[in-house]
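The sequence shown: position 60 = 60 (full-length UniProt numbering), numbered continuously.
Please keep in mind that the hints were generated in silico from the structure rather than gathered at the bench. None of the values given here were measured: they were computed from a predicted structure. Hints may be right or wrong, so weigh each one.
[Said to hold, decoys possible] DMTMM-like cross-link-like pairs, simulated, lysine to aspartate or glutamate; straight-line CA separation at most 25 Å:
| hint | residue 1 | residue 2 |
| --- | --- | --- |
| 1 | K117 | E93 |
| 2 | K7 | E85 |
| 3 | K80 | D19 |
| 4 | K99 | E121 |
| 5 | K118 | E67 |
| 6 | K8 | E122 |
| 7 | K35 | E50 |
| 8 | K80 | E93 |
| 9 | K18 | E85 |
| 10 | K35 | D82 |
| 11 | K8 | E25 |
| 12 | K20 | E84 |
| 13 | K7 | E25 |
| 14 | K8 | E84 |
| 15 | K7 | E93 |
| 16 | K8 | E67 |
| 17 | K20 | E85 |
| 18 | K45 | E60 |
| 19 | K117 | E67 |
| 20 | K18 | E32 |
| 21 | K45 | D19 |
| 22 | K13 | E122 |
| 23 | K13 | E93 |
| 24 | K45 | E67 |
| 25 | K13 | E85 |
| 26 | K7 | D82 |
| 27 | K8 | E32 |
[Said to hold, decoys possible] Simulated restraints on C-beta separations:
| hint | residue 1 | residue 2 | range |
| --- | --- | --- | --- |
| 28 | V44 | R94 | 39 to 47 Å |
| 29 | G21 | R49 | 32 to 40 Å |
| 30 | P108 | G9 | 25 to 33 Å |
| 31 | G21 | P102 | 47 to 55 Å |
The C-beta atom is built at its ideal place from N, Cα and C for all residues, glycine as well.
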Amino acid sequence: MNSLHVKKGDRVKVVAGKDKGLVGEIIAVYPEANKVTVQGVNVVKRHVRETATPQGKKVEGGIISSEAPIHASNVQLVVKVDGEEVVTRIGHERREVTKRRPDGTEYPAFRSVRIAKKTGEEI
């Protein structure tokens, strides 16, 4: 399985393409296609036909605007530094944590965390 440098809910800035410079939140991630859907970015219009559901309700037709996925390499994570939003790359670090077994005993283990390269802080 592929993993991306960003996750659903991350605030990102578009760094390439027709929407370059826009900032938005990721609303969907497609790791198998290396794509993400960002709120308010790459908005496309679809012509939808009026249809009926099996229960007999009508689904409204017309021209509907929605976000289309963009390639994950065209977005960069945005973090706050001194109240200002800046773009940063992402690194990974293994941190030691204490885990607890079902019988109550504790043991040391490692967990991978995402790190903002500009600030060094955990995301």
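To see whether the hints hold, each was checked on the structure:
no.	hint	result
1	K117 x E93	holds, 11 Å
2	K7 x E85	holds, 18 Å
3	K80 x D19	holds, 22 Å
4	K99 x E121	holds, 22 Å
5	K118 x E67	violated, 29 Å
6	K8 x E122	holds, 16 Å
7	K35 x E50	violated, 29 Å
8	K80 x E93	holds, 20 Å
9	K18 x E85	holds, 21 Å
10	K35 x D82	violated, 30 Å
11	K8 x E25	holds, 8 Å
12	K20 x E84	holds, 19 Å
13	K7 x E25	holds, 10 Å
14	K8 x E84	holds, 22 Å
15	K7 x E93	holds, 17 Å
16	K8 x E67	holds, 15 Å
17	K20 x E85	holds, 16 Å
18	K45 x E60	holds, 15 Å
19	K117 x E67	violated, 29 Å
20	K18 x E32	holds, 23 Å
21	K45 x D19	holds, 15 Å
22	K13 x E122	holds, 19 Å
23	K13 x E93	holds, 23 Å
24	K45 x E67	holds, 9 Å
25	K13 x E85	holds, 10 Å
26	K7 x D82	holds, 23 Å
27	K8 x E32	holds, 15 Å
28	V44 x R94: 39 to 47 Å	holds, 40 Å
29	G21 x R49: 32 to 40 Å	holds, 35 Å
30	P108 x G9: 25 to 33 Å	holds, 29 Å
31	G21 x P102: 47 to 55 Å	holds, 50 Å
The structure does not agree with the numbered hints 5, 7, 10 and 19 stated previously, though it agrees with the rest.
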